[in-house]
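What follows is the residue order along each chain.
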Amino acid sequence: MSSRRSRISEEEIAELLSKLQSLLPEARRRGTSRASAAKLLKETCSYLKSLHREVDDLSDRLSEMMATMDMDSAQAEIIRSLFRP
Amino acid sequence: MLAFRFLRALTLVHRTTPNSSNAARSRRIQRAAFASMAYSAGPRRAWSRALLCRFHFHRARRRCAGRSRTAGVPRRPSTTGSPADGLRRLVPGGTEMDYCSLLEETADYIRCLSKQVKLMQSIVDSVGPGGR
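Chains B and W are the protein sequences, given in the same order. For the first sequence, the residue numbers in this note's numbering are 1 to 85. For the second sequence, the residue numbers in this note's numbering are 1 to 132.
In case anyone wonders, no lab produced these hints; they're calculated from the structure. Because the structure is a prediction, the values reported are computed rather than measured. Think of the CB as a built atom: it goes at the ideal place given N, C-alpha and C, for glycine as much as any other residue. A few of these clues could be false.
[Stated by the list, open to error] To spell it out: a stretch of chain B is covered by chain W in this simulated footprint if at least three of its residues, at any positions, have a beta carbon under 8 Å from a beta carbon of chain W; those stretches are:
hint: 1; segment: 11 to 19
hint: 2; segment: 60 to 67
[Unchecked claim] Covered stretches of chain W, going by a simulated chain B footprint (3 or more residues, C-beta under 8 Å):
hint: 3; segment: 4 to 13
hint: 4; segment: 23 to 29
hint: 5; segment: 49 to 55
hint: 6; segment: 99 to 112
[As the list claims (entries may be wrong)] In silico BS3-like cross-links for lysine-lysine, where the CA-CA straight-line distance does not exceed 25 Å:
hint: 7; chain 1: B; residue 1: K42; chain 2: B; residue 2: K19
hint: 8; chain 1: B; residue 1: K42; chain 2: W; residue 2: K115
hint: 9; chain 1: W; residue 1: K118; chain 2: B; residue 2: K49
hint: 10; chain 1: B; residue 1: K49; chain 2: B; residue 2: K39
hint: 11; chain 1: B; residue 1: K19; chain 2: W; residue 2: K118
hint: 12; chain 1: W; residue 1: K115; chain 2: B; residue 2: K19
hint: 13; chain 1: B; residue 1: K49; chain 2: W; residue 2: K115
hint: 14; chain 1: B; residue 1: K42; chain 2: W; residue 2: K118
hint: 15; chain 1: B; residue 1: K19; chain 2: B; residue 2: K49
My request is simple: use the sequences and hints to build the entire structure.
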């Protein structure tokens, strides 16, 4: 009974790992096509770190822009651009 | 939803930090980014619940202590431990999840974080050097 349960978990884990792999950008995915779980997790960690860094950098840029811009017209422009196809 | 929450947060930051340093304002924007993500995801996800708890806890602590650092923002992890441990430290609430949940939550967190990054990039692009 417990071995059947662990077999189901292994399939579940394999599916979750492959879902995770599909979220990695193309360049990172290339090296992990038949990768071990450990390699995939390492790539995921480094992708997450790069996303956090991007939020950092973009926050810095937004902060600099905010110091000089007119917020009302900026908001209007942002909303317009978000609705553009 | 994410876009409007984040824009609303940005407006608030702009209104309340006219004389702050760029660094302080940047930290508040970063916090707003993670807060918008967490509020948009709602309590259905463990990572968003963990972020929401962190924000409420730090807000309460700040009222008492009068000081805040990068409250609510995921901290930089140390470099020891297995890859799964590394992931646990990067995903909010990760240290309390079992392996399966960690993988599921990571996937959802990555999806939301990518959307947030795209949103911030498009704001920068639309208001940047070309805009006003």
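Results of checking the hints against the structure:
Beta-carbon proximity to chain W at under 8 Å applies to 5 residues in the segment 11 to 19 of chain B; the threshold of 3 is reached and the given coverage holds. As drawn, the segment 60 to 67 of chain B meets chain W at 8 residues by the rule of a beta-carbon pair under 8 Å; at three or more, the given contact holds. Three residues within the 8 Å Cβ limit are the bar, and the segment 4 to 13 of chain W against chain B gives 4, so the coverage statement holds. Check on the segment 23 to 29 of chain W: 5 of its residues sit with their Cβ under 8 Å from a Cβ of chain B, so the three-residue criterion for coverage holds.
With a cut-off of 8 Å between beta carbons, the segment 49 to 55 of chain W has 0 residues touching chain B; three or more are needed, and the interface restraint is violated. Counting residues of the segment 99 to 112 of chain W whose CB lies closer than 8 Å to any CB of chain B gives 9, so the stated coverage by that chain holds, three being the minimum. Our distance criterion of 25 Å between C-alpha atoms is met by K42/B and K19/B, whose separation comes to about 15 Å. Restraint check for K42/B and K115/W: the C-alpha separation of about 22 Å stays at or below 25 Å, so the hint holds.
A threshold of 25 Å between alpha carbons decides the hint, and for K118/W with K49/B the separation of about 16 Å falls inside it, so the pair holds. Under the criterion of a C-alpha separation no larger than 25 Å, the hint pairing K49/B with K39/B is consistent with the structure, at around 15 Å. With a C-alpha separation of about 21 Å, the suggested pairing of K19/B with K118/W holds against the 25 Å cut-off. About 17 Å separates the Cα atoms of K115/W and K19/B, which keeps this hinted pair within 25 Å; it holds.
Annotation: proposed proximity of K49/B to K115/W holds, straight-line Cα distance about 15 Å (limit 25 Å). As the CA atoms of K42/B and K118/W are separated by approximately 23 Å, the hinted pair is consistent with the 25 Å bound. Note on K19/B and K49/B: the hinted pairing holds, with a Cα-Cα distance of about 19 Å set against a maximum of 25 Å.
When the structure is compared with the earlier hints, a violation turns up for hint 5 alone.
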